[in-house]
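So you can see what is in the structure, the chains are spelled out below.
There are 2 protein chains.
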Amino acid sequence: MSQEQNQDHKWVYLFEEGSGDDKELLGGKGAGLAEMTRAGLPVPPGFVVTTEACNAFYANNKQFPEGMWEQVVEGLRKLEETTGKGFGSADNPLLVSVRSGAALSMPGMMDTVLNLGLNDTTVQGLAKQTNDLRFALDAYRRFASLFGEIVIGVAHEKFERVMDRFKAQTDGGRDTDLKPEQLRDIIAAEKQIIIAEQRGNTIPEDPYEQLRVAIAAVFNSWMGRRAVDYRRVNRIADTLGTAVNVQVMVFGNMGATSGTGVAFTRNPSTGQKALYGEYLLNAQGEDVVAGIRTPNPISQMREELPEVYDQFASIAQLLERHYRDMQDVEFTIERGHLWMLQTRTAKRTGAAAVRIAVDMYHEGLIDRATAVRRVTPEQLDQLLHPTVDPKAQTVVLATGLPASPGAAQGQVVFDPDEAEEMARDGAKVILVRQETSPDDFHGMVAAQAIVTARGGMTSHAAVVARGMGKSCVCGANMLNVDYGQQQASVNGTIVTKGEWITVDGSTGRVFLGQVPTVQPTLGPDFKELMSWADDFRRLRVRANADTPNDSKVAREFGAEGIGLCRTEHMFFGEGRLAAMREMILADGVGAREKALEKLLPLQQKDFTGIFQAMRGLPVTIRLLDPPLHEFLPNIEELMNELSDLKMALPRANTIQEMDRLLDQIDEKRRLLHQVERIRENNPMLGHRGCRLGLIYPEVTRMQVRAIFEATCQVKGEGSDVRPEIMVPLVSVAEELHHQSKLIHEVAKQVMGEHGMTIDYTVGTMIELPRAALTADKIAEYADFFSFGTNDLTQTTFGLSRDDSGRFLSKYVEDKILPDDPFQVLDRDGVGQLVKTGTTLGRSVKPDLKVGICGEHGGEPQSIAFCHEIGLDYISCSPFRVPVARLAAAQAALAEKSGAIAADK
Amino acid sequence: MSQEQNQDHKWVYLFEEGSGDDKELLGGKGAGLAEMTRAGLPVPPGFVVTTEACNAFYANNKQFPEGMWEQVVEGLRKLEETTGKGFGSADNPLLVSVRSGAALSMPGMMDTVLNLGLNDTTVQGLAKQTNDLRFALDAYRRFASLFGEIVIGVAHEKFERVMDRFKAQTDGGRDTDLKPEQLRDIIAAEKQIIIAEQRGNTIPEDPYEQLRVAIAAVFNSWMGRRAVDYRRVNRIADTLGTAVNVQVMVFGNMGATSGTGVAFTRNPSTGQKALYGEYLLNAQGEDVVAGIRTPNPISQMREELPEVYDQFASIAQLLERHYRDMQDVEFTIERGHLWMLQTRTAKRTGAAAVRIAVDMYHEGLIDRATAVRRVTPEQLDQLLHPTVDPKAQTVVLATGLPASPGAAQGQVVFDPDEAEEMARDGAKVILVRQETSPDDFHGMVAAQAIVTARGGMTSHAAVVARGMGKSCVCGANMLNVDYGQQQASVNGTIVTKGEWITVDGSTGRVFLGQVPTVQPTLGPDFKELMSWADDFRRLRVRANADTPNDSKVAREFGAEGIGLCRTEHMFFGEGRLAAMREMILADGVGAREKALEKLLPLQQKDFTGIFQAMRGLPVTIRLLDPPLHEFLPNIEELMNELSDLKMALPRANTIQEMDRLLDQIDEKRRLLHQVERIRENNPMLGHRGCRLGLIYPEVTRMQVRAIFEATCQVKGEGSDVRPEIMVPLVSVAEELHHQSKLIHEVAKQVMGEHGMTIDYTVGTMIELPRAALTADKIAEYADFFSFGTNDLTQTTFGLSRDDSGRFLSKYVEDKILPDDPFQVLDRDGVGQLVKTGTTLGRSVKPDLKVGICGEHGGEPQSIAFCHEIGLDYISCSPFRVPVARLAAAQAALAEKSGAIAADK
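If you read the sequences in order, they're chains A and B. Residue numbering for the first sequence is 717 to 1620, as defined by our numbering. Residue numbering for the second sequence is 717 to 1620, as defined by our numbering.
Treat the hints as calculated values from the structure; they're not laboratory data. Hints are not guaranteed to be accurate.
[Unchecked claim] The following label-pair restraints were derived from C-beta to C-beta distances: (1) A:1377 / B:1375: 20 to 30 Å; (2) A:1461 / B:1611: 21 to 31 Å; (3) B:1375 / A:1111: 34 to 44 Å.
[Stated by the list, open to error] Cut-off 20 Å, straight-line C-alpha distance, at most; resulting in silico cross-link-like pairs (PhoX-like, lysine-lysine): (4) B:801 / A:1526; (5) B:844 / B:801; (6) B:895 / B:907; (7) A:1384 / B:1362.
[As the list claims (entries may be wrong)] To list a few chain B residues with every Cβ distance to chain A over 10 Å, as calculated: (8) 776; (9) 872; (10) 1133; (11) 1236; (12) 1359; (13) 1402; (14) 1486; (15) 1511; (16) 1533; (17) 1539.
Every residue gets a Cβ at the ideal spot worked out from N, C-alpha and C, and that includes glycine.
Isolated chain A, as found in the complex:
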């Protein structure tokens, strides 16, 4: 904007000139005040200096843009007219408050300066006007300290110390006990402090100069460190700018018929429809915040000031009806006159969000689409997990990543075997590990929650915990885990095995001791809201579930099938790992088949349970995927064991003992060699997925036989079973061709043996870039695609989930990446491949069923993307199913946008 244009530009809006739609221009607070003013509510008059002015200020080397100040003065003129008072008037002075207000509420911005306009002269006028010298001096004292602190930047404590010194001289020791002379001394002392700070500024005597400096201070606070930090973390553009609200002062501290308060139009914790809030008589807002006096519940106002209460209650209702959402309102009563100071959409808990959305629909305030849009996925997720009682006293031991929500208490245990053992004996345990691996799975199953010192939001611990709906805190770096000593420490605080801790996976905090938790309840509101969501969404929602129990949970949460059943998790169970190891270490096909025979009935049993739980719904079973050495003991542990055995050798007392040790050493060494032989440098890119089935077709055959035996059994029991067999890690169409031939062969055989015909499909995970790029060729052999976006993200970025924790957080912090791509699907890279794969696949098979089964299947932004590109379904952990249903509905609604409004 050129200087000339600036001059004519409108930088200042009186409240009556603006409206609630002008949030970007006037900021949230200004727009709210304008809207209330237009609605005829009692709002102290005022005006807004726009966010444009703020931006122009920065564009103009921190000078007000041409014409702005003149418009501010003109605004003051209007306020003088309306109130009949004079800015700087010695008789009847006009006082104003100055507040920042961006379009989004934002900490770190300049707070309020009250009573601006007071100086040594006007304070006399105020005393005359109110006929209360003490009140006037108290107001001047408040102005001086606020201006000194907020505009000039003197530490709050310095002013407090002055107050404390003077209060100590009074009888009561309270603010209100201060006499006018004392207040005068306080004001003088405060001015001295400001001068002593030598920041070059003192409080100007000229009220206009006061205002000029205060407005500049608001603008400057926009680029203050805290505000900039906040915007960076929350990804808010710097160019948004802040507005400045200048408003005529009203006083809640003018006696027994004055007061101030804050209220919600409904209960923000429960959603109950009733005014909820607090107020204080004869007080200003800062007194409430400072906690000097304890405020009363708003309901009590009905007795104390019944008329004002009724007026307030009806205004609150009016505002809620006007905004069609719960409001958070601030008010002041000046000598019996109610003034509204702010209204905004109220924050609420997950439970409240659901109840309010459903209630408001039934009250006719909003339509179903709005109700569904009103609840955020995060709020819904909150609802599904226990939470730490917010009223509880807590001592935080460590903070990490909020990897899997929910709160849980338990006794610390460091060893998965011990965890299992203690849990078997009825103990509640929390497994604390440096990091977890599939070897720890049984310990994780046994634990109430998992804490790790290493690993990110998609580390093994996080993924498995989310899959089981268990609370988990990951990457608590400060936690020093010492397996040898069986203890964990943080800066000298030591937690030993058996001690109680409480984990809050929703916030990433780990507390010492047993902190009380609150259980979630899913009431009829929840069910009603979800049924509306289901009506709106187009995406089907399935669950990733590996056990009959997971399947049941998923179904209860509304899953429409299983999108990913990982067969490998089944192999970690008791008695299975041994057979699995036997299979892996087998010398040749014969020995391998023998070991597989042991696994067959176990697998079949698992599938039977899952099929029974999911009767009538499709179940996608993925064939064996991970590298084989995941099933083998850890090399370092083996080496340590070997070393221990060797150490024991010289201490052997008998020949027999020595023989026994030597045998053990031999055995251990053999195992070590076998494990070393199989070990890979980059197992993620190694001999896994369908590559296993291609080299060991007998493994595929066993798994497919187990699936079809189970299918025949459950179908024989009269249930509808719909198996979908998924081949993992295909990069070349021929791989799928090879495996699907095997599958059809075994299927035919088993169906023949049982004299049954089963409807089944064969598809593949698309989890490698090459698969997405050649999806047209792959589609020839596939009935369905399921994008495995975890691995696809790993390979597209060349980034290991397990290892990226070390630097990925810094990447997000420094804005190299907008999000952790393992949490939020990367649209530009991975998303492009998902889109390409879908398009290519459907170019060959228009009716190809396409879904996604990575962690992203439960993440709202990623779900929106899946909706946009037209996938058929998403699959996520059972506990994320409701969130996914909601997010899918919101994505569909966002697409239709206005078109749905008629549905109400």
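Given the coordinates of chain A, work out where chain B should sit on it, guided by the hints.
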């Protein structure tokens, strides 16, 4: 083809009806005979049953197609007419040879059956006709054993044993010493053997039936195991089919004026222009092959049969002129009459290929384009390395992958330190390892050649060896390497440290002892051919080189710059690894910078040397790329050392010794913890590449400073230096933005300090799918792209180079993949990304320089792809530069095809 169509179809061509262009239809041999016949050369009359007939045979359940046999009989009729003989005639019998002949020469196909048409009756006629009973019986004997062996499938040895028995009864013990009665007995015995085999077939008496069975046998041999295997390995389609050549017999064994021979129109070893070959008087072809008598050099024929020799020499010249290429011809002389039996393009060594191509251009036979096309990249590569003397006697110890060409002798050593030590003492060593890692680098430098038991064509050993132009055999699975015993064994054959072996990296063979080798020489022919190639190619050719010495070699081989200088290899040198480890394990920026200060002058020195070697040419330097733990000691080794120290503890004799041990244990344990802390599960996808530079910007700063200090120094010496700084492993544009800002900052600083201005560019490796997919965004910060197709292949396929050896060979074998994608660029997947990346990059910067620096940069098929999609340059190991220059020229020629023919 329907039956009716078949009937009218032409299945049989007389030689005079075909031409040299009909290779596909008539097979190579048939087309050659037809061409010679048309040219009026003396070719025994005959006809060809077409490859179409072979295919129809298989389509028709292994029955001759309708009409074919009738046409064969008709063909015989024509031969009878031409020769005046009768097929099956008791007086003047017509005898024919039956030979297979596909379009491509192929082992495993049915060999020749001679003298077909003989039976107990016609043999009398032949005796009469030739007036030589012995000759007739010998011909019958040959026919019987060939038919028995080749058509019926009796083992050759059985017939040989009969011959041996009878020859033992003669005085001389030679074939020619056998009397007619003995020959009769032999024939009877051979017939007995055939009947005893009970294959249901014996030699039919009816000549027509003999021919029918023989033709069917040729067709059947097309699907024989050896032929199918060969086609699979060489990727020849099964649908090609084989033709059958039926030709009138001529005899080289009818006395002193008869004979047979094979000759090349030039020397196939050296390319010298002179008839080269062998002949035998009074012999049939099989006698020469069987080595029963030693043939004479062709030049001797000039004395023995001067007229025939002259006729043959002029025909040979005619053929060469006709085909414009060196011919490999077979002939027979029957009683002074020369008959041409075959002509085909002759195989030749690399040296011969180059010389012949250049000579033929100068002789006006071919144009330059043809000359350049005539030499295969493999032939050129042969030329650049020593080879095992083909005349040497050898004992093969093991066979692996031909990972890096060339032959070398040396003493076996298993430890890289020892390799270095022995080499320092002047020994020639060959490093034999299970597999190699960067830790072994100094040992590889010291060795003549490298042998590994594990790892594929792109394993560390293979890549490094190719980079150094050292011979290497990889993945010799049968080799059992025992570091403890310092020996390697194969099926009981043990090679101990210090024993001599010879490695042939061109064939993948490892020989016992010192096998003589032949050194390559690059003569003026080579230079002339390469200069022509340079004129034709559009792709620039650079080298991957990390040292001044590599750079010099690359330049000598014609590299037009360095496309990839890997700075990390520099850190493995003496004294550097320690500083590097110090840097990695540094606690905080300060300590890290201190360690980096030690590395700075060393890096600078390396760059100075490289810049001096490459003066005037661009040098692309890649910043630090590999995961840091590559520079740290191996965890297992550390654990073993720790275990040894602990074991030594109880045996300590003095307090001092114990203290010393305890100190060492502490030290070792600390190091172990540090290494464990840095260790990654999937280092390939871990904290490496630019991710290092983002988290440790001081590392980037040090490297960039070293580059610019070196640049200023060399420029100060008056040389033109053109540094191109390449940021590795970018997946997000912001990464490059961040690093390039750093680079420009340091560059400006150093240039300022030296008061110099340097032309330099900043670019990036595109080696991750996401980089290729978002190349338009990345291009904003890049002056050039270099596709790192090694890593791009790994991530696109989700396939680790290091680990895929275990299954990738089976993939190629089973045709799941057409090639090892680490050897030949995968066009459909990886290639698509290279194309997409190039297109997107140039959409933003039309003049973006784009190259490739993976291993594929030296592989002809991949080079052709790079040419097709319009890359600017390829970069490969120094020793592949000539190959790349040639392949680039051939790709350009293939594109222009006919258009270039006028240039001759």
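Hint check:
1. A:1377 / B:1375: 20 to 30 Å: Distance hint for residue 1377 (chain A), residue 1375 (chain B) holds at roughly 29 Å.
2. A:1461 / B:1611: 21 to 31 Å: This hint is violated: roughly 46 Å between Cβ atoms.
3. B:1375 / A:1111: 34 to 44 Å: holds (43 Å)
4. B:801 / A:1526: With a Cα-Cα distance of about 93 Å, the restraint between residue 801 (chain B) and residue 1526 (chain A) is violated, given a limit of 20 Å.
5. B:844 / B:801: The given pair, whose Cα atoms are some 13 Å apart, holds under the 20 Å limit.
6. B:895 / B:907: Holds, at about 18 Å.
7. A:1384 / B:1362: holds (19 Å)
8. 776: Consistent with the label, residue 776 (chain B) stays out of reach of chain A, its closest Cβ about 27 Å off (over 10 Å).
9. 872: holds (35 Å)
10. 1133: holds (22 Å)
11. 1236: holds (35 Å)
12. 1359: Label violated. Min Cβ-Cβ 4 Å, cutoff 10 Å.
13. 1402: violated (4 Å)
14. 1486: violated (4 Å)
15. 1511: violated (5 Å)
16. 1533: Violated, because the least Cβ-Cβ distance between residue 1533 (chain B) and chain A comes to about 6 Å, which does not exceed 10 Å.
17. 1539: holds (16 Å)
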